[in-house]
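Protein sequences appear in the order of chains E and G. Taking the working numbering, the leading residue of the first sequence gets 1, the next gets one more, and so forth. Taking the working numbering, the leading residue of the second sequence gets 112, the next gets one more, and so forth.
No wet-lab data here; the hints were simulated from the structure. No residue lacks a Cβ here, since even glycine has one placed at the ideal position from N, Cα and C. Accuracy of the hints is not assured; some may be wrong.
[Stated by the list, open to error] Examples of chain E residues lying across from chain G (beta carbon under 10 Å, computed):
hint, residue
1, 12
2, 31
3, 43
4, 44
5, 90
6, 92
7, 95
8, 99
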Amino acid sequence: GEDVEQSLFLSVREGDSSVINCTYTDSSSTYLYWYKQEPGAGLQLLTYIFSNMDMKQDQRLTVLLNKKDKHLSLRIADTQTGDSAIYFCAEDDNQGGKLIFGQGTELSVKP
Amino acid sequence: EAGVAQSPRYKIIEKRQSVAFWCNPISGHATLYWYQQILGQGPKLLIQFQNNGVVDDSQLPKDRFSAERLKGVDSTLKIQPAKLEDSAVYLCASSLGSPDTQYFGPGTRLTVL
Chain E
1 GEDVEQSLFL
11 SVREGDSSVI
21 NCTYTDSSST
31 YLYWYKQEPG
41 AGLQLLTYIF
51 SNMDMKQDQR
61 LTVLLNKKDK
71 HLSLRIADTQ
81 TGDSAIYFCA
91 EDDNQGGKLI
101 FGQGTELSVK
111 P
Chain G
112 EAGVAQSPRY
122 KIIEKRQSVA
132 FWCNPISGHA
142 TLYWYQQILG
152 QGPKLLIQFQ
162 NNGVVDDSQL
172 PKDRFSAERL
182 KGVDSTLKIQ
192 PAKLEDSAVY
202 LCASSLGSPD
212 TQYFGPGTRL
222 TVL
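Construct all of the structure, not just a fragment, from the sequences and the given hints.
So this is what it looks like as structure tokens:
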């Protein structure tokens, strides 16, 4: 069945780069997404990548997609304390369009 | 452009009581989703609407959960009767079509005592 896996925690120092990793199982997904969730808030769309792309850059964010290994990563350059949040990777099921989410990676940025 | 609106933001009820949540999607978005997010987990789809028709309700516990989408715009999700394990954040999302980028509301945090 469909499954998305993420590591649970990541801690970095302010100014460093953060890399959050994700593996997925459904090779027929059309899009893969990264969402950010701050405490008590809903999910904020950060970026997404079409499944036939290898890389997408958007300001401080870089998404890398390895379709062969079904591996997705999100790199945040110059990480700030305001980036502290939970980051969710998600794939669409390429049928009805529902999203399958990972369990989230909690990013902690230390000054 | 206004985002997805949800109310209430918080609700505390006792088990066996009933509760309803409301969602107003982004204007013009045909597809509406309700997700359940249990603490420490990612969101899981409960039900998906395309206009006012149900596309996917395979994960909706139909013995206690029901949902409708009035005239293809607003939607309500109801739980009757609630159980302790229903304590979660209920997130509404909308998209222009499907598959398409989904935009989420702030969620309703439900606590069942």
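Evaluated hints:
Annotation: interface hint on residue 12 of chain E violated; nearest CB of chain G at approximately 21 Å, more than 10 Å. For the restraint placing residue 31 of chain E at the interface with chain G, the shortest Cβ-Cβ distance is roughly 7 Å, inside the 10 Å limit, so the hint holds. The criterion of a C-beta within 10 Å of any C-beta in chain G is met by residue 43 of chain E, whose closest approach is roughly 4 Å, and the hint holds. The beta carbon of residue 44 of chain E is positioned within 10 Å of a beta carbon in chain G (closest approach about 8 Å), and the interface hint is therefore held.
The beta carbon of residue 90 of chain E is positioned within 10 Å of a beta carbon in chain G (closest approach about 7 Å), and the interface hint is therefore held. Checking residue 92 of chain E against chain G: minimum C-beta separation of about 4 Å stays under 10 Å; hint holds. Hint on residue 95 of chain E holds. Least Cβ distance to chain G is approximately 8 Å, under the 10 Å limit. Satisfaction of the interface hint for residue 99 of chain E is found here, the shortest Cβ-Cβ separation to chain G being roughly 6 Å, below the 10 Å cut-off.
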